[in-house]
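Chemist: Sequence:
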Amino acid sequence: MNKLEKIRHFAIDTNGVLLSDVYSTPIRTFVERHGGHYTADLERQILGSPHMAGGHIMALACNLPWTAMETIDAFLAEQAQYAARHPVQLAPGAVALLARLKETGARITAYGGSTKAAIFDRYLAPVSEYFDADLPYIDMGHARPGMAEIHRQTATSAGELVFIDDLNRVAQVSKTLGCGFIGKPATLYQKQQMQASGVRFICKDLDEIDQTLLQALDQSLRLEHH
Numbered sequence: 222m223n224k225l226e227k228i229r230h231f232a233i234d235t236n237g238v239l240l241s242d243v244y245s246t247p248i249r250t251f252v253e254r255h256g257g258h259y260t261a262d263l264e265r266q267i268l269g270s271p272h273m274a275g276g277h278i279m280a281l282a283c284n285l286p287w288t289a290m291e292t293i294d295a296f297l298a299e300q301a302q303y304a305a306r307h308p309v310q311l312a313p314g315a316v317a318l319l320a321r322l323k324e325t326g327a328r329i330t331a332y333g334g335s336t337k338a339a340i341f342d343r344y345l346a347p348v349s350e351y352f353d354a355d356l357p358y359i360d361m362g363h364a365r366p367g368m369a370e371i372h373r374q375t376a377t378s379a380g381e382l383v384f385i386d387d388l389n390r391v392a393q394v395s396k397t398l399g400c401g402f403i404g405k406p407a408t409l410y411q412k413q414q415m416q417a418s419g420v421r422f423i424c425k426d427l428d429e430i431d432q433t434l435l436q437a438l439d440q441s442l443r444l445e446h447h
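Its first residue numbered 222, the sequence shown is counted upward by one per residue in the numbering used here.
Read the hints as simulated data drawn from the structure, not as lab findings. Incorrect hints may have been included.
Unchecked claim - Straight-line Cα separation of at most 25 Å, DSS-like style, residue types lysine-lysine; simulated pairs:
{"hint": "1", "residue 1": "Lys396", "residue 2": "Lys224"}
{"hint": "2", "residue 1": "Lys425", "residue 2": "Lys396"}
{"hint": "3", "residue 1": "Lys224", "residue 2": "Lys323"}
{"hint": "4", "residue 1": "Lys412", "residue 2": "Lys396"}
{"hint": "5", "residue 1": "Lys337", "residue 2": "Lys323"}
Unchecked claim - Okay, the calculated beta carbon distance ranges per label pair:
{"hint": "6", "residue 1": "Ala376", "residue 2": "Gln416", "range": "30 to 36 Å"}
{"hint": "7", "residue 1": "Trp287", "residue 2": "Glu324", "range": "47 to 53 Å"}
{"hint": "8", "residue 1": "Met273", "residue 2": "Glu253", "range": "19 to 25 Å"}
{"hint": "9", "residue 1": "Glu291", "residue 2": "Ser335", "range": "17 to 23 Å"}
{"hint": "10", "residue 1": "Ala274", "residue 2": "Gln310", "range": "25 to 31 Å"}
{"hint": "11", "residue 1": "Ala379", "residue 2": "Asp342", "range": "28 to 34 Å"}
{"hint": "12", "residue 1": "Gln440", "residue 2": "Ala298", "range": "43 to 49 Å"}
{"hint": "13", "residue 1": "Thr433", "residue 2": "Ala379", "range": "20 to 26 Å"}
{"hint": "14", "residue 1": "Ala298", "residue 2": "Ala274", "range": "15 to 21 Å"}
{"hint": "15", "residue 1": "Asp355", "residue 2": "Leu281", "range": "38 to 44 Å"}
{"hint": "16", "residue 1": "Ala320", "residue 2": "Ala274", "range": "34 to 40 Å"}
{"hint": "17", "residue 1": "Ser335", "residue 2": "Gly419", "range": "26 to 32 Å"}
{"hint": "18", "residue 1": "Ala304", "residue 2": "Ala354", "range": "25 to 31 Å"}
{"hint": "19", "residue 1": "Thr397", "residue 2": "Arg306", "range": "36 to 42 Å"}
Fair warning: this is a prediction, and the values are worked out from it, not measured in the lab. Every residue gets a Cβ at the ideal spot worked out from N, C-alpha and C, and that includes glycine.
Generate the whole structure from the sequences, applying the supplied hints.
Modeler: Okay, here's the thing in structure tokens:
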């Protein structure tokens, strides 16, 4: 077992990390198809926002004559078509990553913007043995960006909790909370924004989250929270 000295809990995003990403491409396609100019700043505002906020931002960006709810309904209809063509599946390297994290002795909790039945039970049930028995999944759709809610529910000290996510917004909130963070950027814009935010641990593939990286992160959290 590859024990870590500081880290006690990993909180891992589902869409785009443990599971294939079925949102970032449809969002960009929706904006551009409706006449909007998709930029890094617009992406920063939309990705990870509550549905109503995202709908409002997209409506403004595209000069749509719709309410925020009407815009979200239109987007979700298009997103469902995309998901039908690109079915959600476990991301490459996800099972091996979960096994590596489990070996550290830390607890593992997945999180996402939908209910446990819609995400965890549907897609992660085959690998449920890797997740914390008492808290396998947290639905933070009502509390986006959700890091504070996850921190509260895990009941873990900030320096002992690590988020693995594809959005820079999560990296920034994790830093504010004092939690660790590993980035797997959803897009090139997200990678650039993570780099600008000073994120130290950024990976292209889940296989890069190996024992060397985990030990380095653990050491940095020990020094920060000594």
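Chemist: Are the hints correct? Go through all of them and say.
Modeler: Quick rundown of the hints versus the structure:
1. Lys396 <-> Lys224: holds (24 Å)
2. Lys425 <-> Lys396: Satisfied, since the Cα-Cα distance of roughly 21 Å is no more than 25 Å.
3. Lys224 <-> Lys323: At roughly 10 Å apart (the allowed maximum being 25 Å), lysine 323 and lysine 224 satisfy the hint.
4. Lys412 <-> Lys396: holds (16 Å)
5. Lys337 <-> Lys323: holds (21 Å)
6. Ala376 <-> Gln416: 30 to 36 Å: Given about 32 Å between the Cβ atoms, the range holds.
7. Trp287 <-> Glu324: 47 to 53 Å: Holds - the Cβ-Cβ distance for tryptophan 287 and glutamate 324, about 49 Å, lies within 47 to 53 Å.
8. Met273 <-> Glu253: 19 to 25 Å: Since methionine 273 and glutamate 253 have Cβ atoms about 22 Å apart, the given range 19 to 25 Å holds.
9. Glu291 <-> Ser335: 17 to 23 Å: The hint (17 to 23 Å, Cβ to Cβ) holds, given that glutamate 291 and serine 335 are roughly 21 Å apart.
10. Ala274 <-> Gln310: 25 to 31 Å: holds (29 Å)
11. Ala379 <-> Asp342: 28 to 34 Å: holds (29 Å)
12. Gln440 <-> Ala298: 43 to 49 Å: Given a distance of about 47 Å, which is inside 43 to 49 Å, the answer is holds.
13. Thr433 <-> Ala379: 20 to 26 Å: holds (24 Å)
14. Ala298 <-> Ala274: 15 to 21 Å: holds (19 Å)
15. Asp355 <-> Leu281: 38 to 44 Å: holds (42 Å)
16. Ala320 <-> Ala274: 34 to 40 Å: holds (37 Å)
17. Ser335 <-> Gly419: 26 to 32 Å: The hint (26 to 32 Å, Cβ to Cβ) holds, given that serine 335 and glycine 419 are roughly 31 Å apart.
18. Ala304 <-> Ala354: 25 to 31 Å: holds (30 Å)
19. Thr397 <-> Arg306: 36 to 42 Å: Since threonine 397 and arginine 306 have Cβ atoms about 37 Å apart, the given range 36 to 42 Å holds.
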